[in-house]
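Peer 1: Assemble the whole structure, with the sequences as input and the hints as a guide.
There are 2 protein chains.
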Amino acid sequence: MKKLAIGVDIGGINTAFGLVDENGDLYAESVISTKKYPYVDDYPAYVEDLCDSMKALSQSVSFDYELMGIGIGAPNANYHKGTIETPANLWRFKETDADRTPERRIFHLAEDIARRFDGTKVLVTNDANAATIGEMIYGNAKGMKDFIMITLGTGLGSGFVSNGEMIYGHDGFAGEFGHVIVERNGRECGCGRRGCLETYVSATGIKRTAFELMAKMNAPSKLRDIAFSDLDASMISAAAEQGDAIAKEAFRFTGEMLGRALADVVTVTSPEAIFLFGGLSKAGKLIFEPTQWYMEENMLFVFKNKVKLLPSGIQGKNAAILGASALIWQDTK
Amino acid sequence: MKKLAIGVDIGGINTAFGLVDENGDLYAESVISTKKYPYVDDYPAYVEDLCDSMKALSQSVSFDYELMGIGIGAPNANYHKGTIETPANLWRFKETDADRTPERRIFHLAEDIARRFDGTKVLVTNDANAATIGEMIYGNAKGMKDFIMITLGTGLGSGFVSNGEMIYGHDGFAGEFGHVIVERNGRECGCGRRGCLETYVSATGIKRTAFELMAKMNAPSKLRDIAFSDLDASMISAAAEQGDAIAKEAFRFTGEMLGRALADVVTVTSPEAIFLFGGLSKAGKLIFEPTQWYMEENMLFVFKNKVKLLPSGIQGKNAAILGASALIWQDTK
Numbered sequence: 001m002k003k004l005a006i007g008v009d010i011g012g013i014n015t016a017f018g019l020v021d022e023n024g025d026l027y028a029e030s031v032i033s034t035k036k037y038p039y040v041d042d043y044p045a046y047v048e049d050l051c052d053s054m055k056a057l058s059q060s061v062s063f064d065y066e067l068m069g070i071g072i073g074a075p076n077a078n079y080h081k082g083t084i085e086t087p088a089n090l091w092r093f094k095e096t097d098a099d100r101t102p103e104r105r106i107f108h109l110a111e112d113i114a115r116r117f118d119g120t121k122v123l124v125t126n127d128a129n130a131a132t133i134g135e136m137i138y139g140n141a142k143g144m145k146d147f148i149m150i151t152l153g154t155g156l157g158s159g160f161v162s163n164g165e166m167i168y169g170h171d172g173f174a175g176e177f178g179h180v181i182v183e184r185n186g187r188e189c190g191c192g193r194r195g196c197l198e199t200y201v202s203a204t205g206i207k208r209t210a211f212e213l214m215a216k217m218n219a220p221s222k223l224r225d226i227a228f229s230d231l232d233a234s235m236i237s238a239a240a241e242q243g244d245a246i247a248k249e250a251f252r253f254t255g256e257m258l259g260r261a262l263a264d265v266v267t268v269t270s271p272e273a274i275f276l277f278g279g280l281s282k283a284g285k286l287i288f289e290p291t292q293w294y295m296e297e298n299m300l301f302v303f304k305n306k307v308k309l310l311p312s313g314i315q316g317k318n319a320a321i322l323g324a325s326a327l328i329w330q331d332t333k
Numbered sequence: 001m002k003k004l005a006i007g008v009d010i011g012g013i014n015t016a017f018g019l020v021d022e023n024g025d026l027y028a029e030s031v032i033s034t035k036k037y038p039y040v041d042d043y044p045a046y047v048e049d050l051c052d053s054m055k056a057l058s059q060s061v062s063f064d065y066e067l068m069g070i071g072i073g074a075p076n077a078n079y080h081k082g083t084i085e086t087p088a089n090l091w092r093f094k095e096t097d098a099d100r101t102p103e104r105r106i107f108h109l110a111e112d113i114a115r116r117f118d119g120t121k122v123l124v125t126n127d128a129n130a131a132t133i134g135e136m137i138y139g140n141a142k143g144m145k146d147f148i149m150i151t152l153g154t155g156l157g158s159g160f161v162s163n164g165e166m167i168y169g170h171d172g173f174a175g176e177f178g179h180v181i182v183e184r185n186g187r188e189c190g191c192g193r194r195g196c197l198e199t200y201v202s203a204t205g206i207k208r209t210a211f212e213l214m215a216k217m218n219a220p221s222k223l224r225d226i227a228f229s230d231l232d233a234s235m236i237s238a239a240a241e242q243g244d245a246i247a248k249e250a251f252r253f254t255g256e257m258l259g260r261a262l263a264d265v266v267t268v269t270s271p272e273a274i275f276l277f278g279g280l281s282k283a284g285k286l287i288f289e290p291t292q293w294y295m296e297e298n299m300l301f302v303f304k305n306k307v308k309l310l311p312s313g314i315q316g317k318n319a320a321i322l323g324a325s326a327l328i329w330q331d332t333k
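Read top to bottom, the protein sequences are chains B and D. Residue 23 in our numbering sits at position 23 of the first sequence, and the numbers go up by one each step. Residue 255 in our numbering sits at position 255 of the second sequence, and the numbers go up by one each step.
Read the hints as simulated data drawn from the structure, not as lab findings. Glycine included, every Cβ here is placed at the ideal spot set by N, Cα and C. Do not take every clue at face value.
As the list claims (entries may be wrong) - Once the Cα atoms are required to be at most 16 Å apart in a straight line, the calculated EDC-like pairs of lysine to aspartate or glutamate come out as:
(1) Lys-304(D) with Asp-171(B)
(2) Lys-222(D) with Glu-212(D)
(3) Lys-145(B) with Glu-165(D)
(4) Lys-207(D) with Asp-225(D)
(5) Lys-304(B) with Glu-85(D)
(6) Lys-304(D) with Glu-85(B)
(7) Lys-145(B) with Asp-171(D)
(8) Lys-142(D) with Glu-165(D)
(9) Lys-145(D) with Glu-165(B)
(10) Lys-304(B) with Asp-171(D)
What the hints assert, rightly or not - A few chain D residues that face chain B, going by a derived Cβ cut-off under 10 Å, partial list only:
(11) His-170
(12) Asp-171
(13) Phe-173
Peer 2: This is how it looks when you write it as structure tokens:
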């Protein structure tokens with residue numbers, strides 16, 4: 001009988017999910033609103049809604065199959081415990097909540113879903129780890145035992161695979177490479193510290209860089225007509241492709257910061273390849289070329305010209321669902 | 001029947017080796033000169049000498065046992081290939097050597113020894129990785145699945161364990177944390193680059209720091225009477241214990257550099273503990289206190305107050321032999 005897994009991608013706005021086989025083929029997909037359940041007290045109703053919708057989805061395909069499990073990618077997810085712990089943008093406290101102990105925002109999602117699915121295996125991990133496992137099962141990291149995944153979105157996520165296994169770390173939260181400090185007393189980061197890699201290398205990071213460069217350089221630029229709040233990374237990438245000097249320099253600088261940081265982390269895990277995934281990585285040569293150059297320029301001699309810098313093989317609108325479903329196949333290996 | 005392994009520690013001056021059981025008890029030990037065999041052409045004679053001496057050692061114990069294998073710790077060792085590759089201080093080219101292709105300095109040590117020991121299992125890895133596995137098998141990391149070992153000697157070595165396994169990386173050379181760049185355009189490093197962690201955090205690093213501080217500060221200090229070539233880390237540690245302001249500041253600064261670097265690398269592998277091993281770590285509070293303080297001060301919130309900073313449990317004169325022998329027990333697990 002065919003074997004399928006459900007992959008679930010929990011975002012702040014929507015939760016998307018789909019039925020996926022071991023080859024990464026998607027048989028059915030659906031979506032519910034996450035935003036409809038903004039507060040701690042809404043969490044049980046969210047779980048109810050998600051489970052009902054997943055059951056409807058699982059009955060929507062016309063052939064018999066075995067459901068192998070449910071894999072979930074979500075912010076602040078703890079693989080070991082199956083929890084989502086104090087996520088910034090999910091199930092927040094209300095202004096009027098008297099009890100605001102952080103423990104109330106540790107959500108036992110895996111357990112809560114498994115209960116409604118007769119004990120089906122439910123695994124959760126953060127979005128970047130899910131993308132990493134997706135790359136290993138369906139993507140360009142097939143057969144690789146040691147690689148690094150860098151996901152470039154609003155922030156910078158990462159996943160590390162060594163000896164063929166995901167590094168979750170002792171507490172289940174490993175792979176926060178976006179929070180390596182690359183510039184002492186550098187840019188303010190959402191984490192409360194300064195100079196984290198993701199304040200330079202991410203969609204938000206390159207926008208901050210573009211604004212810094214507009215102050216520093218005199219070159220004319222289309223970007224000068226756009227307010228900070230209106231600018232996004234794709235505009236910078238479009239401008240760079242048209243030869244805009246500031247946009248081009250913003251990409252070069254972003255690649256420099258990423259390349260240097262990658263040269264450093266290569267000394268720790270010595271990967272076969274590093275994959276770039278997500279928004280900024282779609283800028284292609286604009287981001288790959290300077291990253292590669294600065295990575296090699298700063299590489300310790302033993303690692304020089306050994307580590308491949310590659311685009312992810314699971315790009316596309318369903319990447320997050322695929323990545324989450326891959327948790328199940330990775331576990332049954 | 002009792003099971004024993006031979007642990008071999010190859011240094012630039014001597015090669016020490018011993019017979020060790022699974023509990024880390026040493027039954028016999030011996031040593032040969034490495035220095036006697038300085039050149040590429042001397043390598044076969046070195047292997048001969050080492051094998052003869054190991055055979056003599058293995059016959060020197062009075063009870064019957066099974067020899068489970070030979071574990072070797074050596075600079076530039078490649079675990080995957082069983083080789084020692086272009087080591088700086090071993091089996092060098094002569095001035096008069098016409099053929100200086102680097103390939104001639106890739107030594108297939110594991111194979112060459114196994115041949116003389118009837119195919120006994122021979123494993124090699126670098127000194128820091130050997131110490132790491134020693135910590136896991138005999139020391140304070142027993143039962144830990146995720147930890148980091150930092151070895152503080154002339155340089156800074158490291159070993160990373162995740163999911164209960166040593167991270168060797170794709171090419172077998174992972175764990176070169178001493179060469180993470182912590183100061184752009186910083187101190188010159190033996191690797192040819194600048195600002196590597198080990199130029200600050202190591203016996204040599206703290207000496208460089210002490211000299212920088214003698215230039216920067218006006219405080220009187222015993223260290224001002226000692227030439228650069230004569231100063232060693234133990235003198236700085238003795239001075240610090242007597243309240244010498246420059247020596248104390250040198251330790252604080254060393255701890256700051258190490259603590260910051262550890263806070264960064266914790267984001268990658270999220271270890272349960274970090275162990276400090278070797279020379280500088282014996283300075284105790286002098287190095288542990290500032291390292292711990294700066295590590296926590298710079299830690300990403302999710303990892304704060306979670307990671308233990310601990311002294312190695314396999315210190316002492318036989319630590320390197322024990323570490324190397326542990327390779328065999330780790331492999332038969």
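Peer 1: Each hint should be assessed against the structure and marked as holding or not.
Peer 2: Outcome of the hint check:
1. Lys-304(D) with Asp-171(B): holds (11 Å)
2. Lys-222(D) with Glu-212(D): OK: Lys-222(D) and Glu-212(D) at ~15 Å, within 16 Å.
3. Lys-145(B) with Glu-165(D): holds (13 Å)
4. Lys-207(D) with Asp-225(D): holds (14 Å)
5. Lys-304(B) with Glu-85(D): Holds, at about 15 Å.
6. Lys-304(D) with Glu-85(B): Since the Cα atoms of Lys-304(D) and Glu-85(B) sit roughly 15 Å apart, the hinted pair holds (cutoff 16 Å).
7. Lys-145(B) with Asp-171(D): With Cα atoms ~11 Å apart, Lys-145(B) and Asp-171(D) stay inside 16 Å; holds.
8. Lys-142(D) with Glu-165(D): holds (13 Å)
9. Lys-145(D) with Glu-165(B): holds (13 Å)
10. Lys-304(B) with Asp-171(D): holds (11 Å)
11. His-170: holds (4 Å)
12. Asp-171: This hint holds: Asp-171(D) lies near chain B, its Cβ roughly 6 Å from the closest one there, short of 10 Å.
13. Phe-173: Constraint on Phe-173(D) satisfied, holds at 5 Å.
In this structure, every one of the numbered hints holds.
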